[in-house]
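*Asks:* So the chains spell out like this:
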Amino acid sequence: MEYYLQLIINGLVVGSIYSLVALGFVIIYKATKVVNFAQGELVMVGAYVCFALTVQFHIPFLAAFLLTLAFSVVFGLAIERAILRPMVGEPIISVIMITVGLSTVLKSLVQLFWGTQIRVYPQVLPQQPVFIAGLPVSPVYIAAFVLALVLFGVFSLFFKYTRYGVAMRATAFDQTAAASMGIGIKNIFALSWCIAAVVSSIGGVILGNINGINSQLGHLGLKVFPAVILGGLDSLLGAAVGGVVIGVLENVLGGAAKEWLNLGGFKEVAAFIVLVVILMVRPYGLFGTHEIERV
Amino acid sequence: MQTKCGVFFESYREEARLLVGGFQKTRFAAFLLVLLASPWFLNNYHVSVLILINIAVIAAVSLNILTGACGQISLGHGAFVGVGAYAAAYFSFQGVPFLPGLLLAGIVAAVAGACFGIPSLRLKGIYLAISTLAAQLILEYVFLHWEAVTGGSNGMPVDSPSVLGFVFDTDRSMFYLTLIFAVLAVLAASNVMRTRFGRAFVAIRDHHLSAEIVGVDLFRYKLVAFALSSFMAGVAGALWAHYTMYITPEPFGITLSISYLAMIIIGGLGSVQGAVFGAIFITILPEALGYLADGLSGAFPEVSSYLLAAKEGVFGLVLVLFLIFEPEGLNHRWRLFKAYWKLYPFAH
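Residue numbers (numbering that gives the first Met the number 0), protein chains in the order written: chain A, 0 to 294; chain B, 0 to 347.
Hints were generated in silico from the structure; no laboratory data involved. Honestly, I wouldn't trust all of these hints.
[To be verified] Here are the simulated DSBU-like pairs of lysine-lysine, each with C-alpha atoms no more than 35 Å apart in a straight line:
| hint | chain 1 | residue 1 | chain 2 | residue 2 |
| --- | --- | --- | --- | --- |
| 1 | A | 185 | B | 310 |
| 2 | A | 159 | A | 257 |
| 3 | A | 32 | B | 24 |
| 4 | B | 24 | B | 341 |
| 5 | A | 159 | A | 185 |
| 6 | B | 337 | B | 3 |
| 7 | A | 185 | A | 32 |
| 8 | B | 310 | A | 266 |
| 9 | B | 310 | B | 3 |
[Said to hold, decoys possible] Quick look at which bits of chain B chain A covers, simulated, 3 or more residues with Cβ under 8 Å:
| hint | region |
| --- | --- |
| 10 | 39-48 |
| 11 | 318-332 |
All values reported here derive from a predicted model rather than from experimental measurement. Virtual Cβ for every residue (Gly too), placed ideally from N, Cα, C.
All chains should be modelled from the sequences, with the hints used to inform the complete structure.
*Replies:* As structure tokens, this is what we get:
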């Protein structure tokens, strides 16, 4: 029992990071209908930039974190302007492939600068585990979970009450109508890439604090797909729920497969088996718009 | 059909020909002759690149039927090639001769492809892309963990192919063998595009509802597209396994699927000739970069190590640049080139 409780707690932490990455994905998809296969690489770039600032330039962690966020804003804008802007109106396969190309470029850039070995962040939070229900939990885990919750709160309020949040929702709903009401669609596209890059960087920095980073971090981006499909491609709440559920499911299923079937590494693939099942049963997910037509 | 101005057909037979006119026939004959003679002038390394190109042509042409013609985006094609490779290795281990083994490998891959094509009944566009991505990752897991059949992470050895007692164990003989299958694949794909099936595929790609209204059975034709495309991918995989003589799960990852998609996009979606161009381009690209790195290493030693590390990045960059500046691919450029020489010295 304790074994499974531990798995669930680990799943919650990893899941909250999936949620953050999924949040970035959903924001881009919602506003621009672009499926971003480079979401994991955005996480990786954010993590490495913060790492470089703290370890290589000896900037205090908090300042480095803020600088990383500033970098992400510029980075998101640059990607949108240089790569995604020319793809407006192109067929879906071209848009998918351009984000795939972007992910390869980012990955090899990170490898050029920082190599492929694992890099570890300096300790920021205390190491002493906190006991929750008799189980030791590292403070980093709690910080990750709380930070994810806070970010989701902030973004829900942003979309509900601020001028730009409303403009983004309007653009997502109907681009032509939004444009004719005086909303600058191009700015909205740029803004959504900005937010996605910032959120992903935060996820990357949290991950770096948990178990270090290496150039394979981008694979995390693949886990976004089960999470957002479960939640619904265009739902923020779905991203939050989907990420956490997928994180817990893959840990528990993987642990169970190891205990009962002696099947190693099942964790890696469990999420994708769940994904196929969801696609067959309920392709628009739990909270997504029912836009799938039966063919 | 695009034909030149001034070409008139006098019989259906003439119109049904793949190559129209004497010049086109001569051009293709000359191209084939150069290909056939090339192993005698090139060294073993270059011949091995040609073999890889032949295999890539088969896989790219097959993906082109599924994605280019039928519009079903597949991010799992590399895994279907892998299924063919593992099936061929397994059957050859069980003592099945090369040619029947090749056929069986194709059939196994076709069954796997059709199974993962079933979601296409309900999904399209991005949802289908994600479901084939899941297929890719699930199949990769199977390669790695079904140790009784695949040998797990240790991989498994494969024999050299032999037909009627002749063993293809040199690069040169392997080149001719793979060339035969590449030519067959190109012929098959060109002909599929001219049949009832090909027209149904294009109709589904262009508008699935209209296709259904004119009587195309969507589910059946989509499954046929998946099965046919995976069959050819399986054959490519089987040739790959027999050529490398040892297979592990690593090469059949998502990177392979992406490079096949890159081939048909860079070549030109939906055209068989474009898929061939793309296969050649993407296979040669890393080799060319390697040469560049070697050439530069004398003058700038650091540059070459960076270049070698950046091979993958250059692949991504090429993909991005093509999508932005030449979205219709190399095939489009080839047509412009031909038109230029037809009109020379006049600009229009």
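*Asks:* Could you run down the list of hints and mark each one as holding or not?
*Replies:* Status of each hint after checking the structure:
1. For the proposed pair residue 185 (chain A) and residue 310 (chain B), the alpha carbon gap of about 33 Å is at most 35 Å, so the pair holds.
2. For the proposed pair residue 159 (chain A) and residue 257 (chain A), the alpha carbon gap of about 44 Å is over 35 Å, so the pair is violated.
3. Restraint check: the Cα-Cα separation between residue 32 (chain A) and residue 24 (chain B) comes to about 46 Å, which exceeds 35 Å; the hinted pair is violated.
4. A distance of roughly 17 Å separates the Cα atoms of residue 24 (chain B) and residue 341 (chain B); the hinted pair therefore holds under the 35 Å criterion.
5. This hinted pair checks out: residue 159 (chain A) and residue 185 (chain A) have alpha carbons roughly 21 Å apart, not beyond 35 Å.
6. Restraint check for residue 337 (chain B) and residue 3 (chain B): the C-alpha separation of about 11 Å stays at or below 35 Å, so the hint holds.
7. Proposed proximity of residue 185 (chain A) and residue 32 (chain A) is supported: the alpha carbons are some 13 Å apart, at most 35 Å.
8. As the CA atoms of residue 310 (chain B) and residue 266 (chain A) are separated by approximately 31 Å, the hinted pair is consistent with the 35 Å bound.
9. Straight-line distance between C-alpha atoms of residue 310 (chain B) and residue 3 (chain B) comes to about 41 Å, which puts the hinted pair past the 35 Å bound.
10. A count of 0 residues in the region 39-48 of chain B with a Cβ less than 8 Å from any Cβ of chain A is obtained; the coverage claim is therefore unmet, three being the minimum.
11. Given as covered by chain A, the region 318-332 of chain B passes the check, having 5 residues with a CB less than 8 Å from a CB of that chain where 3 are the minimum.
Hints 2, 3, 9, 10, counting from the list given before, are not met by this structure.
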